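Student: Got two chains here, each in a separate frame; can you build the complex from them with the hints?
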Amino acid sequence: MARAVTPRRKLINTGLAWAIGLLIFFPILWTILTSFKTEAQAIASPPLFLGFDWTLENYGVVMERSNYARFLMNSIIIAGGSTVLGLIVAVPAAWSMAFVPSRRTKDILLWMLSTKMLPAVGVLYPIYLLFIQLGLLDSRAGLVIVMMLINLPIIVWMLYTYFREIPVEILEAARMDGATLKEEVLYILTPMAVPGIASTMLLNFILAWNEAFWTLNLTAVDAAPLTAFIASYSSPEGLFFAKLSAASTMAIAPILILGWFSQKQLVRGLTFGAVK
Amino acid sequence: MSFRNALRAATALSLITASGAYAETITIATVNNGDMIRMQGYTDDFTAKTGHEVEWVTLEENVLRQRVTTDITTKGGQFDIMTIGMYETPIWGANGWLVPLDDLSAEYDVDDILPAMRGGLSHDGTLYAAPFYGESSMVMYRTDLMEKAGLDMPDAPTWQFIREAAAAMDDPANDINGICLRGKAGWGEGGAFITVTGNSFGARWFDEEWNAQFDQPEWKAALDFYVNLMNDYGPEGFATNGFNENLSLFQQGKCGMWIDATVAASFVTNPNDSTVAEHVGFALAPNAEGVEKRANWLWAWALAIPAGTQKEAAAKQFIEWATSKEYIELVAAKEGWANVPPGARTSLYETPEYQDVPFAKMTLDSINAADPTDPTVDPVPYVGIQFVAIPEFAGMATEVSQEFSAAYAGQQTVDEALAKAQAIATEVMEAAGYR
Chain A
1 MARAVTPRRK LINTGLAWAI GLLIFFPILW TILTSFKTEA QAIASPPLFL
51 GFDWTLENYG VVMERSNYAR FLMNSIIIAG GSTVLGLIVA VPAAWSMAFV
101 PSRRTKDILL WMLSTKMLPA VGVLYPIYLL FIQLGLLDSR AGLVIVMMLI
151 NLPIIVWMLY TYFREIPVEI LEAARMDGAT LKEEVLYILT PMAVPGIAST
201 MLLNFILAWN EAFWTLNLTA VDAAPLTAFI ASYSSPEGLF FAKLSAASTM
251 AIAPILILGW FSQKQLVRGL TFGAVK
Chain B
1 MSFRNALRAA TALSLITASG AYAETITIAT VNNGDMIRMQ GYTDDFTAKT
51 GHEVEWVTLE ENVLRQRVTT DITTKGGQFD IMTIGMYETP IWGANGWLVP
101 LDDLSAEYDV DDILPAMRGG LSHDGTLYAA PFYGESSMVM YRTDLMEKAG
151 LDMPDAPTWQ FIREAAAAMD DPANDINGIC LRGKAGWGEG GAFITVTGNS
201 FGARWFDEEW NAQFDQPEWK AALDFYVNLM NDYGPEGFAT NGFNENLSLF
251 QQGKCGMWID ATVAASFVTN PNDSTVAEHV GFALAPNAEG VEKRANWLWA
301 WALAIPAGTQ KEAAAKQFIE WATSKEYIEL VAAKEGWANV PPGARTSLYE
351 TPEYQDVPFA KMTLDSINAA DPTDPTVDPV PYVGIQFVAI PEFAGMATEV
401 SQEFSAAYAG QQTVDEALAK AQAIATEVME AAGYR
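Respectively, the protein sequence lines represent chains A and B. 234 is the number that this note's numbering gives to position 234 of the first sequence; each next residue is one higher, with no gaps. 95 is the number that this note's numbering gives to position 95 of the second sequence; each next residue is one higher, with no gaps.
Next comes chain B alone, as it looks inside the complex (with noise of 0.2 Å):
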């Protein structure tokens, strides 16, 4: 070899290590949502940018809960980010699971993020997961249907006055459903909901001393308003109903309202998927009269560093990316305003071109009036809002909504769903040593 072609080979041979040792190859587990789709769509900006390579390994979200725990609770080390919900944030963070993100950026601007997903984000203070998008509940409602029926909806309705609604725009004739709520059976599909309803009727899961308060008249009150409403003026089969089929049926015009996830306003009106895209109103998620709390949850898809990932400098290198002001621009700029990642980072709301989408400031107002540390009328030990931030509510809270789905269907009087409630919630928190 001559001593030009040695040379040749050691400078190639020093750039490649050179770039090895700066570019790492990330792999990031995540949801199949529309938005998580949209960024993996932009990943050659970060590539660009940073160097570094993504691999993304999508599931569905129960599927995601799953495999994320056993690889985090094994330290598999199988993922560098893991996209995880407030759930299971500040109880990985509290267990020294997730790597503490207070060493991001001054560009990132951190105090930028929401204050109600930042408290629902953090443990003790400290941040361990960085909101890509987040989302309360409210009510979403046809327009054409409530001036048909001679009434306004208020920006913050009662249960009562959300009846009254779902009784005028009922229209069987013409296969309307006065209103679509969830039932299906689990702890984040209907589960969540059935919570977050109660909550606005009073009821807690535990008092301070956790013990269940199922049967207390709160909760029932709560659900034999529940279950009469949906009765009277729901869609068959609603027992089964998630958000999925839910939406099916508003974008097909068989719903007079809808209460659910603030993510889905975009859905709902867009005109390519809805066939009342034109129609649609929103309001805050009701309560019952005279309760201060209203039936609204709070609830991020978050981005978090399993502790002990080799690639840490990456993993924040996208995070700090994928949940920036900028990447929000890059999506304004290549699909619209009303695309963007929603409810995570205050600027957000105060840019103009955002503050015309339709559903932005309903979103905002519903995400502000949802507070994780304090759920609820009554005091509670625990934090969250459609969950209770522990361990065993994930199957105790399943099994509950399972008994509630079937008292839906007719298979159980609410009384009996509700003794049943107060059982499993009572035997579950014995045996985990909380009473």
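Chain A extracted, bound-state conformation (with noise of 0.2 Å):
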């Protein structure tokens, strides 16, 4: 019998949600915070929480002296271009991995994640080598292949997870009526798992959004992303937290109103199959 959550307990819990997130949603406030005020007001000591003179100057020298449209471009479409071709790629092969295994699906599927684990600096300079000999260097289509590649391991262990909750007796029915293969995944397979590839379209393309190594690393002009337009205003000799803060504040604003407006879905997706 599932216990009666009293009043008073659950105003506790409420509380403690909104303690824990605020905690975790704090240096995203006050790196918003930072981008309103001066470099002095910035590093001021008590820290200056909200009574300060507010200003946009820092927006107006950031949009002055960088493309912002251009990095935000190239955030997306390689963001978004490395999610629709980790999907393309994903979705057969976790359908065969969930309806159609074989003895070695789960090796497969471990030697997958296993390229996640090694460090990306290791390879750096092999993928560096081959970006100069195919001309992919500083070019969104190369973004692209990389940003999916490194994230196909964590889109195909997801969609696995998904289609395994899916019943195979819907897919034998439908191939009973005749369906062919395309038509068993795009028409039965793919919407019952809707939710599912919504939240992996979310997380990869959040994940590909926020890269930073592979990004800085093989753009310098044409394809630079946001990462990089952050990082143009970290400073080792001289205190630029203000302009820092604004810069940050503009390259994580569409991802998080991307995130605000879809939450429902991602945390549909991210608990589907976690209650049985």
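I should point out that these hints are in silico values taken from the structure, not numbers from a laboratory. Fair warning: this is a prediction, and the values are worked out from it, not measured in the lab. All C-beta atoms, glycine included, are put in the ideal place defined by N, C-alpha and C. Certain hints may be false.
Claimed, not checked - From the structure, some residues in chain B lie toward chain A, with a derived Cβ separation under 10 Å:
| hint | residue |
| --- | --- |
| 1 | A29 |
| 2 | Q40 |
| 3 | V63 |
| 4 | T70 |
| 5 | T74 |
| 6 | E135 |
| 7 | E147 |
| 8 | E189 |
| 9 | A264 |
| 10 | S274 |
Unchecked claim - In silico lysine to any residue, SDA-like type, Cα no more than 25 Å apart, as pairs:
| hint | chain 1 | residue 1 | chain 2 | residue 2 |
| --- | --- | --- | --- | --- |
| 11 | B | K311 | A | N67 |
| 12 | B | K49 | A | E64 |
| 13 | B | K334 | A | M63 |
| 14 | B | K254 | A | L48 |
| 15 | B | K75 | A | A212 |
| 16 | B | K75 | A | G135 |
| 17 | B | K254 | A | S45 |
| 18 | B | K334 | A | E39 |
| 19 | B | K311 | A | Y128 |
| 20 | B | K254 | A | A212 |
| 21 | B | K254 | A | A40 |
| 22 | B | K75 | A | L48 |
| 23 | B | K311 | A | D138 |
| 24 | B | K75 | A | I127 |
| 25 | B | K75 | A | G122 |
| 26 | B | K75 | A | A141 |
| 27 | B | K254 | A | I127 |
| 28 | B | K254 | A | F49 |
| 29 | B | K75 | A | V123 |
| 30 | A | K116 | B | K220 |
| 31 | B | K49 | A | R65 |
| 32 | B | K254 | A | W30 |
| 33 | B | K325 | B | S266 |
| 34 | B | K220 | B | E292 |
| 35 | B | K49 | A | N67 |
| 36 | B | K311 | A | L129 |
| 37 | B | K75 | A | A120 |
| 38 | B | K311 | A | V123 |
Tutor: Structure, rendered in structure tokens:
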């Protein structure tokens, strides 16, 4: 029998959840607040929370100094392109592993995941040389491929988990009704796995958006995304925290808005199959 | 198409082709330092003079270092000009990775570059990077607090005097630390500072046979002095403080003294950012009594051309423009003499207007007091003051500085840190075949 939740306990749980939520969000909040301070206010001690002269000057300086639209467009193309390409590869792969498993399926899954355990810097030079040979340095196409390959194991794993939750009998019924493999995947499996696919897409998009090793090392001007935009405001010799915060806020704002509007799908997808 | 239109089209096409042949777009990798950002703002002046466009890739120092190193070692060709320092230049020049700057124009006046800078950016007498701005390190102190303490800062203080002054100015009740110094791990952060402090106590990284020297009494004396000084009069958590943290403390009036890069002088005397701008004095970096070497380093952010670039001529034109006397005059006219890139040209320090800048003389004296080819009391087989100009240094010195920072934080003793530093340096040098 389920235990009744008392109002007091509910209040405590809610308060605790809010406290943890605020704690997690605080660095982002502080970054946003700092972006509206002067450089002197940004380093003031004790720190100024809300009682300072709010200014938009940092945003003006950042907009004047950097081509924000170009960085933003590159982020959208790289994150979006790698997500779409990743799904095109991952959906059939996850389907075959979930519904037509072989003796080695578990090993393949584990092997795919093991590529995530390799430190990225370990393959920087081989990838860089490959990019030089293929003429892909500082190109969006190159970054789309790299981002797709980096996140592919996670996409396949997530989709595999979601597909495993779908009763195989439904697919068998479709086959008996004469559905081809393509129709089975497109019209039966995909619609049923929409929450899972949506959350996988979102997670992949966020991961690709935030990735800051390959995007910094393989780009210069033409394909540089928002991670490079933020990095250009970090300085070891000079206090530019307010401008750095403005640049960071501008870089994370699109993904924050996207996450805010899709949080229901994201949570639903991430907890899909968690309780059986 | 009529004959007239055809003629117009042909003329337009030839003009476009002709301009395309001369006008290039060069890509420059640089750091996000104040002087560099200012230079980006004047790019239009360069474009107006030469027709060449400039694309900037601005990165944080450590990211830039990794990025340009990857590109130059793989001949990636992503950049036509790289902003590099005194550590990389002689090593990369020796490897043939940089275009020699031995054919700069007569108007550029290469002999006007400060000798210390020219020497540090050359290999075998050939200049491989042109200094955009240069720096040494010096003492920045609060004149009002010194006066209150009844002390006079000499132009060339000793460490013993610095300790005495720190004790006199230290005022925990008013949140004033006697002294602020770097302690943050990293070869270019706390590692640089403790290396020059070691030099000023007679220590050195290696003897002439590349044997590590951290087991020698000079290092023990230097590290003991630093730890005791900072524990007694330094800010809390100094083990994680670097340039920016100390700049922030000093600007807020929380440091009696700060020994760091000369380039900080323009920040701490800028009334827009600094609460103590009117009360800052300067002195040479200190030495231990009886030791001839002072704790001042030498560094330059310089512009170099990677070998293999297709736009070498345009890149050289840019370097000549950015590091010229004319560029300095351009900045002075627009933003005042205190904001020109310092430490690169002799003529700047002969300019009467610049001589009025309060930190100009001490910056020049500090730069002149630093000799990368003779950095220590005892002879060494390497070039470099706050670094050892060998490829293995960056990784090794970062590890060593992490051990030192752990000692600053009280996680281990000075003796333990020195023993680990000795083991690290010995192992690296043996593995690299120096011994």
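Student: Now look at each hint and say whether the structure bears it out.
Tutor: Hints versus structure:
Checking B:A29 against chain A: minimum C-beta separation of about 8 Å stays under 10 Å; hint holds. Because the smallest distance between the Cβ of B:Q40 and any Cβ of chain A comes to about 7 Å, under 10 Å, the interface hint for this residue holds. Below 10 Å, beta-carbon pairs count as interface contacts, and B:V63 has one with chain A at about 6 Å; its hint therefore holds. With its C-beta approaching chain A no nearer than about 6 Å, B:T70 sits inside the 10 Å limit, and its interface hint holds.
The closest approach between the C-beta of B:T74 and any C-beta of chain A is roughly 5 Å, which is under the 10 Å cut-off, so the hint is satisfied. The interface hint given for B:E135 holds, since its Cβ lies 9 Å from the closest Cβ of chain A, which is under the 10 Å cut-off. Checking B:E147 against chain A by beta carbon gives a least distance of about 25 Å; that is not within 10 Å, so the hint is violated. Taking 10 Å as the C-beta contact cut-off toward chain A, the hint placing B:E189 at the interface holds, the least distance being around 8 Å.
For B:A264, the interface hint holds, the least distance from its beta-carbon to any beta-carbon of chain A being 8 Å, beneath 10 Å. With a least beta-carbon distance of about 8 Å to chain A, the hint placing B:S274 at the interface is held under the 10 Å criterion. Among the hinted pairs, B:K311 with A:N67 is consistent with the structure: their alpha-carbon atoms are about 24 Å apart, no more than 25 Å. The hinted pair formed by B:K49 and A:E64 meets the criterion: a straight-line CA distance of about 23 Å does not exceed 25 Å.
Under the criterion of a C-alpha separation no larger than 25 Å, the hint pairing B:K334 with A:M63 is consistent with the structure, at around 22 Å. With a CA separation close to 17 Å, the supplied pair B:K254 and A:L48 stays within the 25 Å bound. Between B:K75 and A:A212 the CA atoms are separated by roughly 22 Å; this keeps the pair inside 25 Å, and the hint holds. At roughly 13 Å between alpha-carbon atoms, B:K75 and A:G135 fall within 25 Å of each other, so this suggested pair holds.
Taking the CA atoms of B:K254 and A:S45, the gap is near 10 Å; set against the 25 Å cutoff, the hint holds. Distance restraint check for B:K334 and A:E39: the Cα-Cα separation of roughly 22 Å lies within the 25 Å cut-off, and the hinted pair is therefore satisfied. Taking the CA atoms of B:K311 and A:Y128, the gap is about 22 Å. The hint holds against a cut of 25 Å. Between the alpha carbons of B:K254 and A:A212 the distance comes to roughly 35 Å, so the proposed pair goes past 25 Å and is violated.
For a cut-off of 25 Å, the pair hint linking B:K254 to A:A40 stands: about 14 Å separates their Cα positions. Distance hint between B:K75 and A:L48 is unfulfilled; the C-alpha atoms sit about 48 Å from each other, more than 25 Å. Taking the CA atoms of B:K311 and A:D138, the gap is about 18 Å. The hint holds against a cut of 25 Å. Distance check on the hinted pair: B:K75 and A:I127 sit about 13 Å apart at the alpha-carbon level, within 25 Å; holds.
Taking the CA atoms of B:K75 and A:G122, the gap is about 19 Å. The hint holds against a cut of 25 Å. With a C-alpha separation of about 21 Å, the suggested pairing of B:K75 with A:A141 holds against the 25 Å cut-off. The suggested pairing of B:K254 with A:I127 is violated, with an alpha-carbon distance near 48 Å, which exceeds 25 Å. Only pairs whose Cα atoms come within 25 Å are accepted, and B:K254 paired with A:F49 is accepted, the gap being roughly 21 Å.
Between B:K75 and A:V123 the CA atoms are separated by roughly 17 Å; this keeps the pair inside 25 Å, and the hint holds. At most 25 Å may separate the alpha-carbon atoms for a hinted pair to count; A:K116 and B:K220 exceed this at roughly 44 Å. Under the criterion of a C-alpha separation no larger than 25 Å, the hint pairing B:K49 with A:R65 is consistent with the structure, at around 21 Å. Of the pairs offered as hints, the one joining B:K254 and A:W30 holds, with about 23 Å between alpha carbons and a cut-off of 25 Å not exceeded.
In summary, the hint linking B:K325 to B:S266 is supported, as the alpha carbons are separated by about 20 Å, within the 25 Å threshold. About 18 Å separates the Cα atoms of B:K220 and B:E292, which keeps this hinted pair within 25 Å; it holds. Note on B:K49 and A:N67: the hinted pairing holds, with a Cα-Cα distance of about 24 Å set against a maximum of 25 Å. At roughly 21 Å between alpha-carbon atoms, B:K311 and A:L129 fall within 25 Å of each other, so this suggested pair holds.
Taken as a hint, the B:K75 and A:A120 pair is honoured in the structure, with Cα atoms around 20 Å apart against an allowance of 25 Å. With a C-alpha separation of about 30 Å, the suggested pair B:K311 and A:V123 falls outside the 25 Å cut-off, and the hint is violated.
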